[in-house]
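Colleague: Read off the chains here:
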Amino acid sequence: GEDVEQSLFLSVREGDSSVINCTYTDSSSTYLYWYKQEPGAGLQLLTYIFSNMDMKQDQRLTVLLNKKDKHLSLRIADTQTGDSAIYFCAEISNFGNEKLTFGTGTRLTIIP
Amino acid sequence: DAGITQSPRHKVTETGTPVTLRCHQTENHRYMYWYRQDPGHGLRLIHYSYGVKDTDKGEVSDGYSVSRSKTEDFLLTLESATSSQTSVYFCAISGREAGGQETQYFGPGTRLLVL
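Protein chains in written order, with our numbering: chain U, 729 to 840; chain B, -15 to 99.
The shape of chain B in the complex, shown without the other chains (with noise of 0.2 Å):
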């Protein structure tokens, strides 16, 4: 399995208050991804990463930044959540199978809850 960790697993927070999630992996990749799975839409990717200091928007970033200061930790802030956030996020990484395409991996997701 790949080295990835999310941090917290699980998380309830209050409307309004700021969240920030933690990915961390240690092999050394340079991409990076934050997700969200909600039923009915499978996983929609929040930001991403293509480098240290280097992030870009996905396809439903309001609401939510990113920071990659070091390349093992990408770091997900709601700065104010709302209970439209309430979802799992998923963070991956990317990495070359052995045929050499690039593809993603999975970390075990960040359940959190906004009440």
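Same shape as in the complex, but just chain U (with noise of 0.2 Å):
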């Protein structure tokens, strides 16, 4: 079955960029999605990008896309202790009925 990984921690010094890595096994994916998830609170969708594309950038988040390599990467830059989370890549494995399958979690510790 399809299959996403992630690193489960990574820890930044405030103000520098964050790299939050994921890789994925399934080549039919077509949409891949990062989430953040504060303590306590449900999934926010920060940003996806379409698999035809290689990079998407939204303020301080840039999206990179390896398609080859099945790598996708969210860099926060300037991070600040607001990012300090919980971020999830996903993947739309079956295109036309949305499932989604989810990373384990990168848990973003921020460093004053």
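One thing to keep in mind: the hints can contain errors.
[As the list claims (entries may be wrong)] Restraint-style ranges between C-beta atoms, simulated for each label pair:
| hint | chain 1 | residue 1 | chain 2 | residue 2 | range |
| --- | --- | --- | --- | --- | --- |
| 1 | U | Lys795 | B | Thr4 | 39 to 45 Å |
| 2 | B | Glu11 | U | Gln808 | 27 to 33 Å |
| 3 | B | Thr(-1) | U | Gly810 | 16 to 22 Å |
| 4 | U | Thr837 | B | Thr(-3) | 32 to 38 Å |
| 5 | U | Ser739 | B | Asp40 | 23 to 29 Å |
| 6 | B | Ser67 | U | Phe737 | 26 to 32 Å |
| 7 | B | Arg14 | U | Thr809 | 36 to 42 Å |
| 8 | U | Glu766 | B | Leu97 | 19 to 25 Å |
| 9 | B | Pro2 | U | Lys784 | 42 to 48 Å |
| 10 | B | Thr61 | U | Lys795 | 39 to 45 Å |
| 11 | B | Thr4 | U | Asp744 | 28 to 34 Å |
Please keep in mind that the hints were generated in silico from the structure rather than gathered at the bench. Heads up, the beta-carbon is just placed ideally off N, CA and C, and yes, glycines get one too.
Work from the hints to combine the two standalone chains into their complex.
Modeller: So this is what it looks like as structure tokens:
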């Protein structure tokens, strides 16, 4: 079946850039997503990228997609304490019923 | 924020008792989903619905049933709760972004503890 993998933890100093990585196995993925989950809350959609794109930028967020290596990354510029959260990547594996497959999540910790 | 609510938000129950969680949406979206979130597993799909009375299983459906008698409500039932079903349960709905892509919006979650 489809698989999505992420590192579990990342620590970054405040003001530096954070790069969260994700790999997936499904070559037919059409859309890939990044969600943010703050403590005690649900998942908030941050951004998504279509599989025929290499890059998408949205304010402090940059998504890079290497379709050949099935590698997705999320870069957060000028990381702030409010960016502390768990970040999930997800992909749509069966276009039409919109079923998302999630990674395990990366917990981002900001060091003051 | 998408109009999704879940009830209850917290529940403690005993092994062997039935439990029903409710998801309610005000967006009139066709697709609704139930996930569970456990450490080290991310989110795993339990069941989903693609319309009234139309449901299908996800990857971890054993021990769970669902019902959708109207567009706005999607119920998840644990017929006989077990300790392995202690988890945080999230409901999601599928909506269309401004760019045309369908994407999922999540409810606030229900924390279930089965003793």
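Colleague: All hints, please: hold or fail.
Modeller: We went through each hint and held it up to the structure:
{"no.": "1", "hint": "U:Lys795 with B:Thr4: 39 to 45 Å", "result": "42 Å, holds"}
{"no.": "2", "hint": "B:Glu11 with U:Gln808: 27 to 33 Å", "result": "31 Å, holds"}
{"no.": "3", "hint": "B:Thr(-1) with U:Gly810: 16 to 22 Å", "result": "40 Å, violated"}
{"no.": "4", "hint": "U:Thr837 with B:Thr(-3): 32 to 38 Å", "result": "33 Å, holds"}
{"no.": "5", "hint": "U:Ser739 with B:Asp40: 23 to 29 Å", "result": "40 Å, violated"}
{"no.": "6", "hint": "B:Ser67 with U:Phe737: 26 to 32 Å", "result": "27 Å, holds"}
{"no.": "7", "hint": "B:Arg14 with U:Thr809: 36 to 42 Å", "result": "39 Å, holds"}
{"no.": "8", "hint": "U:Glu766 with B:Leu97: 19 to 25 Å", "result": "21 Å, holds"}
{"no.": "9", "hint": "B:Pro2 with U:Lys784: 42 to 48 Å", "result": "45 Å, holds"}
{"no.": "10", "hint": "B:Thr61 with U:Lys795: 39 to 45 Å", "result": "40 Å, holds"}
{"no.": "11", "hint": "B:Thr4 with U:Asp744: 28 to 34 Å", "result": "46 Å, violated"}
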